[in-house]
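Build the complex from these two chains, which are given one at a time in their own frames, with help from the hints.
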Amino acid sequence: MGCASSAPERSAGQIGGVNLDNGGANDPKNLKVKLVLLGDSGVGKSCIVLRFVRGQFDPTSKVTIGASFLSQTIALQDSTTVKFEIWDTAGQERYAALAPLYYRGAAVSIIVYDITSPESFHKAQYWVKELQKHGSPDIVMALVGNKADLNEKREVPTQDGIDYAEKNGMYFIETSAKTADNINQLFEEIAKRLPRPAPPS
Amino acid sequence: MPSDSNSTSSNYSSGRDDENPNSDPNSKPEPQLEPEPEPEPEPEPNKNPHLIDQSLDALENQLASISMSSRSPTVTFEGEEEDDVESREQPKSMNGSFSEEIEAGGDADSLEVGRHFESDSKAESSGVNGENISFTWLDAPEVDEVERPLSPGSSGYAGEMGSTSGGDEIVDDDEDDSDIRGVENDGVLGSNNQSVSGKRHADEDDASVSWRKRKKHFFILSHSGKPIYSRYGDEYKLAGFSATLQAIISFVENGGDRVNLVRAGKHQVVFLVKGPIYLVCISCTEEPYESLKGQLELLYGQMILILTKSVNRCFEKNPKFDMTSLLGGTDAVFSSLIHSLSWNPATFLHAYSCLPLAYATRQAAASILQDVAGSGVLFALLMCKHKVISLVSAQKASLHPDDILLLSNFIMSSESFRTSESFSPICLPRYNPMAFLYAYVHYFDIDTYVVLLTTSSDAFYHLKDCRIRIEIVLSNSNVLSEVQRSLVDGGMRIEDLLVEPTSRAGAVSSHLGQPRPGAGTPGRTADGSIGIGGPAGLWHFVYRSIYLDQYVSSEFSPPINSLRQQKRLYRAYQRLYASMHEKAIGPHKTQFRRDENYVLLCWVTQDFELFAAFDPLADKALAIKVCNRVCQWVKDVENEIFLLGASPFSW
Ligand SMILES: Nc1nc2c(ncn2[C@@H]2O[C@H](COP(=O)(O)OP(=O)(O)OP(=O)(O)O)[C@@H](O)[C@H]2O)c(=O)[nH]1
Ligand SMILES: [Mg+2]
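Line by line, the protein sequences give chains A and B.
First residue of the first sequence? That's 1 in UniProt numbering, and the numbers climb one at a time after it.
First residue of the second sequence? That's 1 in UniProt numbering, and the numbers climb one at a time after it.
Excised from the complex, chain B in its bound form (with noise of 0.2 Å):
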């Protein structure tokens, strides 16, 4: 795995262990995570593991040679409007604009940094000449031609207006949505923050210095080259850059081989084709390539669940069809997609979290999602917000995490399923992308809604029917309260997390979602100082359950508290959960990594997968002993704060 090169750690090391003596998960005791002798340091790993074939060299080359035109550091951003005017009739320095977009924010240092490709093949296809190079290269974008057809009404849904004024760092827009400046936003817990209503900084295009300066771009675009969907900036003026990328894409594909990444100075470029469709991030965020491909797929997945994989079949009656149309309204929910990538660990963890309830509560739920099932329903979820409640399948069928996951973004951003019950066709990817099923949702108050899914486009009177069965129980058995009380007081907090494991036995089901002192002021222990942190300097964990395809992780507390924070940590997880899961997982894998912002701990068995976060001058001894205990606390409450016996979820 490409370590991050840009590792600041003057400590780092890692170890991996995988002849624990305790090994077996079946076995009681529990597995136990054992103090290690500290381990090598990990080996430098090949950064260039593949063949670099011939026609990734021409087109490094390529890529080589626009980079030295704007290898001045002055250079920066004046004129550039200017040069990209030009480039709308001189492909040659719309090349020139393409290295810029790569460059654009990116300290003039790292220019020279080198770049190499990584491809899906080794195919060998030296035929390919300069000249042929060049000759796809220049023509895609006149070609591409895109004149806006007006669409009447659609004005509506253009978005708030970003400023376009830049400031001199790289604007990384999770965060502060509102402010090209976007500085650092103290508030808390991410999840409730999103404010994300259609495109933002719509007026932006490639020309536009703040576009330039976006850390993390996304587009889609058809295999003609027409833009389908951009983060930033609006489609149709992006144009031109989209032809460039298809013609990186192309032109690799030519070649027999596949392009994946790019890597230019400090941004890199990953490529995910799906049919006549590509996906492509721009980023400077350093997160590992198979992070960014995996949200790569979930943006796919988005796209699916909104229109299915059958619109490939508008390609093949028509290549250059524009497919923007069909996805009209729908900027809110990818933006907000890509807004749950930051905060969010379902995104990497391919797994689904459950909002902490009591037992019998939950059952409550479960049985008479139950009933329903058994009547023509296909699958029945009780959520809320992102957190399910309950959810079940008829028969056969499982959801996938994922398709949980898309599902609830796509429901909780379009605002009009709050104001109504509505009935909408809704394709799940992982169940079956080709076909869509029908999906009722209705809202019982503003975070808690239903979602009812069939295969019969005729049933909304009798999925009504459903849901009005549904809420009489759910209101007599007093679940939509207990789900609001959990909603202020539920989860696991590191601070409660008690030194003596034994302590806890018995007191289970009183503690979770138990109003304690200091509830609603997080980080305020219950002696009332401020938090800092769980024993042994422990700041955050995770814990995914492999069979149960859930996860539970706890409340962020001091000193994870700004955004920024949470979502660095959670990048850092995600760094870890990609370094863990290249390889073959033995039965058990662990590692440990120290750098100046965190000890992370991570510890892989058959059956979990744990993820903690301790103070950077944490004990190793005493983390390990704390995660531990962590597994044991998770153990205790687990049938509060997972879904337990629910339909099988193996496919």
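Looking at chain A on its own, in the form it has when it is part of the complex (with noise of 0.2 Å):
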């Protein structure tokens, strides 16, 4: 094996222990964005992140600890991209003080429920709620009703729903990590949502 590496490059100057953490960009055509999900244990979040980022579904289930960071650009119609740099937050009631850490500075919140589960869609609300309080003022909220494939066992008819987000100014849509229904448009309708930095004259 080489040890060329035994002396490696020391980049001086190094930033210690700051924060870049920024919620947007300036750049109008690629705009970056914290985004993060909330959402009670189990009812999707990591399978939707992993769809929407992967392609993917692992039906095992893999419990979130503390949170996972993953990102992903997508491409809009008017040319522009949006990098999202996602949270995927856990679920776990031992986490939930925490969460303030993972949503601080979010340009957009996606709160998940399941739609078998009126207990999640009950704990999606208080999501709502804490973000509305202590959320950044104008970010761009989503409710979403995940497992919409288990649609005999469906306990959250759609229009609790609806009617839930039109009174929170939220937008919303049921889909699947299972199937990818809606995911994809779940992203894509957030991206169109976003405020646009004026564009530099």
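Keep in mind the hints are simulated off the structure, nothing from the lab.
Heads up, a few of these hints could be off.
Dumping the calculated SDA-like pairs for lysine to any residue here, alpha-carbon to alpha-carbon at most 20 Å [unchecked claim]:
1. B:Lys317 <-> A:Ala96
2. B:Lys317 <-> B:Ile277
3. A:Lys29 <-> A:Thr80
4. A:Lys83 <-> B:Tyr461
5. A:Lys32 <-> B:Lys464
6. B:Lys320 <-> A:Arg94
7. B:Lys464 <-> A:Gln72
8. B:Lys309 <-> A:Ala96
9. A:Lys83 <-> B:Lys317
10. A:Lys83 <-> B:Asn312
11. A:Lys32 <-> B:His350
12. A:Lys178 <-> B:Thr419
13. A:Lys32 <-> B:Glu421
14. B:Lys589 <-> B:Asp607
15. A:Lys83 <-> A:Thr73
16. B:Lys309 <-> A:Arg104
17. B:Lys293 <-> B:His350
18. B:Lys317 <-> A:Arg94
19. B:Lys309 <-> A:Leu98
20. A:Lys133 <-> A:Leu98
21. A:Lys129 <-> A:Gly105
22. B:Lys464 <-> A:Leu101
23. B:Lys464 <-> A:Glu93
24. B:Lys464 <-> A:Phe69
25. B:Lys396 <-> B:Ile446
26. B:Lys464 <-> A:Ser71
Some, not all, of what chain B presents toward chain A, calculated at C-beta under 10 Å [to be verified]:
27. Ser325
28. Leu326
29. Gly329
30. Glu421
31. Met434
32. Phe436
33. Ser457
34. Asp458
35. Asp496
Now the stretches of chain A that chain B is said to cover, found in silico as 3 or more residues with beta-carbon under 8 Å [stated by the list, open to error]:
36. 91-101
37. 157-169
Note that the Cβ used here is the ideal one computed from N, Cα and C, for glycine as well.
And the structure:
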């Protein structure tokens, strides 16, 4: 093996503990946005993200610890690109208090519930209120009813989702990470709703 | 030390030598293990060193009378389901049910075997009377009715279901996780074969025959008797059983004592009280009390790693606080830890092990980690599975080997870390049990991952940046491919221990991690014959460096090649370790024991501890000679097998 690297290039002057976090870059053609997913454990947040970022669906449950970070760039019709920096948070109860760590500075939040679980719909409403109180004031919010493929086990009527979203000025969609139904639509729709920085004159 | 009463040893001998003339560890030449006169058999240890006070006597009587009720060997398991159903309403038969747990799986002959108690203090508490006893005892289960809250979406984490049909044998689930009849699994190398995902046998409860036959149970419960974790079975279904355990503990505690150990027939029940949290192990594995207690400590540490000790505050506000939901989704973490108790010597050595690597390779990794640690990272670890490639800590901070064990167990058993980079709160119980650190975790490949720990909750982007720098250096210097190579043929193989020690000098650095004939087929020696171990019947060794807090163990090779044999050997080491550590260690200490399975040799100096296993027919003088050679070998290759010059680990 080579040991050329035993003296690795020291990148002097590296940032020390500086938070490079930014909600959106200011190039109007190439947007960069911080997006956070919130919702009860098991509703399918990670599956939605992995479907969107990698085009995969893994039915084995891999409960998220803390939060996972992924990113994905999409191109819109008007030739702008949007890079989503995605925080897929853990829905387990013990992490609830840490959520602000992840949604702080987020430009977009996707709040997910499972259409077969009224409890998770209830939990989604808790997150909406929390973000209205403590999230960025101009945050774009989406309410997502996931597991739409399990329609025969549905316990949350679509209309309930629509009504709640409308009342709170949110975008609403039902998705299935399993069948990929509406996953890309969800992110494209969000991208379209992003506030655009004024083009440089 | 209560010597293993199970020992079928035909020829047991043990010797201790505190007066070795070569005892100064700092003087050259290296300490030599000298053959000594065949030692005296160890005196029968006092089985009952502690005063058994009256309150414990009373409890013992309770247990004894309970045990009478199921005395007949033919009672076995018939009709128990009914018994237990009744017990939900009738506390009296519930008591019976507890004794059956203790006896579960044990042969009926052992029912009358004396049980004994050990307690911390010798406080007299004669004021306790029988009525009080039964009041506490009987009342608890009713007070603690638990209704199961429906948590949406949590159903996905119930884990696989086990069969409930029971055979006659006690089931030892460490080896074969899928089948209740848990027969021997002769696969190779336990560490690679963990298939732990969520709780196993979640459909069991204390009424299930299969549950009762498990060889080793672990429970965590709250001081109010609420179940928090159970290795087998659903916590909620075990609420009644949990309340019984709680009743025993609080009964003894009320008497000013603390119950540590209950023996009942083949079973030991070990208790560990940590503030409002109680941990219990029920085992018929014949491991020493100290070992089982150490295992409960690790289990507690794992829980603290996930929640911090500030979880205690929840109990201050509400003594009946239900903690299970706070541990949601972590069953795999605990089952993986419990599994590692039977294959990972780090669990009882309190030392960590390094992946064998050429010195320059490890240095390359160390220097980039060092670089990163200068920029606000508290600890930086590069790991391959449960082994350390390199680790670095900032300034005066030090990382306890147990924290490394618990951290790597947590990361490896939580599948989501493999999916993408993560940022998560984690508490290192030995570093600071009260506070969370923040861990950035990223896998470079299927086995190799980096963990960057910081106190700053908003350091993610910085840590991500650090990881990118680390990744560049690692790939430029081929560290990752060297790591993969070491996984395949790194490590110390006893077949390579040469008879003449001198020939090793000089050939050292080219030795470990060098592809060799027969590599990949463990047990094949250079000449292609099936291995029969090293010289003089050496089968295996573990060497622990005291200054470094690190150990190295030889690769397994025949005849120690099944998981069951490996586990049995580790248990033997563990017993040896416990017996060597129960008294203050002199400058030199040796133990030589021979039974039908092995010759075991243990040598403890100020610098190191060596545990070696030989063929049961091995010659003692030769075995001692080989041990000296093993120590020399370890010294010769120490810069490949250990992480040297790491930041000070003293604390
Ligand atoms: N049928 C169906 N199942 C789904 C769908 N999305 C997710 N699941 C299943 O739901 C379970 C949980 O999905 P996750 O994505 O891990 O849930 P999560 O919201 O990330 O959960 P936490 O990480 O604990 O917060 C998995 O077993 C998936 O197989 C879906 O669209 N349809
Ligand atoms: Mg998830």
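Just pull the numbers of the violated hints for me, sorted ascending. Per hint list: 9, 10, 11, 16, 23, 25, 31, 35 and 37 violated.
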